[in-house]
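Visitor: Single-letter residue listing:
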Amino acid sequence: MITAAALAALATACAVGSWRFTTARWTSRAPRLAIILWQSLGVCWGLATTGAMLAFAVQPYDAGVLPGLIAFAQGETPAQAWDPLHVLALIAGLTALAVLIAVLLTAGVQALRARRRHRMLLALISHDDPGVPGVRVLAHPSAAAYCVPGLRSQVVVSEGALKLLSEDELTAVLAHEAAHVRERHDLVLLPFAALRRALPWSKVVADAQAQVELLVEMAADDRARRYCSPRRLATALLRFGSAGAMPTPHGMLGVHVQNVMARVDRLIKPAPELAASVRYGFIALSVTLVTAAPFLWVIQL
Amino acid sequence: MDILWAESNALTAREVGRLIADRDLAPTTVMTVLDRLTRKGFLERTRDGRAWRYQPAESRDAYIAELMLEALDLTGDRSAALTRFAQAVSGTEAEILRRALTELEEE
Numbered sequence: 001m002i003t004a005a006a007l008a009a010l011a012t013a014c015a016v017g018s019w020r021f022t023t024a025r026w027t028s029r030a031p032r033l034a035i036i037l038w039q040s041l042g043v044c045w046g047l048a049t050t051g052a053m054l055a056f057a058v059q060p061y062d063a064g065v066l067p068g069l070i071a072f073a074q075g076e077t078p079a080q081a082w083d084p085l086h087v088l089a090l091i092a093g094l095t096a097l098a099v100l101i102a103v104l105l106t107a108g109v110q111a112l113r114a115r116r117r118h119r120m121l122l123a124l125i126s127h128d129d130p131g132v133p134g135v136r137v138l139a140h141p142s143a144a145a146y147c148v149p150g151l152r153s154q155v156v157v158s159e160g161a162l163k164l165l166s167e168d169e170l171t172a173v174l175a176h177e178a179a180h181v182r183e184r185h186d187l188v189l190l191p192f193a194a195l196r197r198a199l200p201w202s203k204v205v206a207d208a209q210a211q212v213e214l215l216v217e218m219a220a221d222d223r224a225r226r227y228c229s230p231r232r233l234a235t236a237l238l239r240f241g242s243a244g245a246m247p248t249p250h251g252m253l254g255v256h257v258q259n260v261m262a263r264v265d266r267l268i269k270p271a272p273e274l275a276a277s278v279r280y281g282f283i284a285l286s287v288t289l290v291t292a293a294p295f296l297w298v299i300q301l
Numbered sequence: 001m002d003i004l005w006a007e008s009n010a011l012t013a014r015e016v017g018r019l020i021a022d023r024d025l026a027p028t029t030v031m032t033v034l035d036r037l038t039r040k041g042f043l044e045r046t047r048d049g050r051a052w053r054y055q056p057a058e059s060r061d062a063y064i065a066e067l068m069l070e071a072l073d074l075t076g077d078r079s080a081a082l083t084r085f086a087q088a089v090s091g092t093e094a095e096i097l098r099r100a101l102t103e104l105e106e107e
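Here the protein sequences line up with chains X and A, keeping their order.
Residue numbers for the first sequence follow full-length UniProt numbering, so the first one is 1 and each next one is one higher.
Residue numbers for the second sequence follow full-length UniProt numbering, so the first one is 1 and each next one is one higher.
The shape of chain X in the complex, shown without the other chains:
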């Protein structure tokens, strides 16, 4: 009972923490740290929520979540008889766990499929440009620059982007994309996109995904500024944002302007780094979150 209560408390703490964290201001000063904290919050919340239900469910076995589930899977008879409440909790817990895992897997498979098709089409219709070696060029007047992540990532720019940006700006954009490739940001985004699809009504999840998307861009900006002038990156950003040649669909627009401006501001006027003590505090928090949930899955309190 105590394990279930502890896991439930942990899940609640994660949910409340995430809700508070969506409005935190320090994140733009340490995007990588913030991403790590978001990831640990996500993992901890998932394990704690499902764990709380399952811990309650396997009470008749008088064992921890994992040992209890193993005993159940092997068809052992519990010390106490099953009653409807525990059976209900078992069904709910297993369903939630299955849904979480299935959603993650489908999101991964879908992303892989989309990328494979994208890559195949690129091979058919993109061309090389001697001006930008190693980059695929798409013959389209709109401005676009992106990368197709994977084992062999490809950076793609459109002819519109080549025309729009100066040479220095283009270097900055390519450095930004190279940073995405290097740090495998697609893997960071995937679980959050998946979670959002699983819980489309949750505002916290939607906010979290938007936050992580922005943080990933900031992290890439940070790496890119080591190789190019931050000012050029900022002007490239503004030029891109205001080019808007493609008709944009409705909804999800308002945030973009703020996001672009936030990125520009921190490129031009970098805020001081977080104090070391604060940084270590957040790292310690992440480690605690990530270890606490699995610990409670194995050990019975």
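Rather than coming from a laboratory, the hints here were simulated on the basis of the structure.
Bear in mind that the values here come from a model prediction, so they are computed numbers and not experimental data.
Errors might be hidden in some of the hints.
Claimed, not checked - Away from chain A, derived, C-beta distances all over 10 Å, residues of chain X:
id: 1; residue: Glu76
id: 2; residue: Thr77
id: 3; residue: Val87
id: 4; residue: Leu122
id: 5; residue: Ile125
id: 6; residue: Pro133
id: 7; residue: Tyr227
id: 8; residue: Val264
id: 9; residue: Ile299
id: 10; residue: Leu301
As the list claims (entries may be wrong) - Across the chosen pairs, the derived CB separations fall in these ranges:
id: 11; chain 1: X; residue 1: Pro141; chain 2: A; residue 2: Thr46; range: 33 to 43 Å
id: 12; chain 1: X; residue 1: Leu112; chain 2: A; residue 2: Thr38; range: 14 to 24 Å
id: 13; chain 1: A; residue 1: Ala26; chain 2: X; residue 2: Val99; range: 33 to 43 Å
id: 14; chain 1: A; residue 1: Thr38; chain 2: X; residue 2: Arg279; range: 48 to 58 Å
id: 15; chain 1: A; residue 1: Thr38; chain 2: X; residue 2: Val298; range: 25 to 35 Å
id: 16; chain 1: A; residue 1: Gly41; chain 2: X; residue 2: Asp128; range: 21 to 31 Å
id: 17; chain 1: A; residue 1: Asp48; chain 2: X; residue 2: Arg182; range: 48 to 58 Å
Backbone N, C-alpha and C fix where the C-beta goes; we use that ideal spot for every residue, glycine too.
Use these hints to put chain A onto chain X, whose structure you have.
Guide: For chain A alone, coordinates are given in the frame of chain X:
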């Protein structure tokens, strides 16, 4: 693929092979490539006597448009398949960015 896009009507593997003049390809190589592209859905083929006639499933521009829609994240599903540099904004919001850009350039 370029050759098929350039031609308005469907071609047989032999005709494609003849049009790839700069490289001396075996007819079977051409056939294999065409067959593979068909299986992936980029070409459509129709029976013509003993040979197949191949035709692009979509125009080149349609494919470019498809890539750009994904690139600009306009498909609406916000998938994490690609990572993008920046997204364009529209109308009045673009004005804010344009003003910031002029300020930056003047400094």
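Visitor: Broken hints, numbered, in rising order?
Guide: Of the numbered hints given earlier, those the structure breaks are 4, 5, 8, 13 and 15, listed in rising order.
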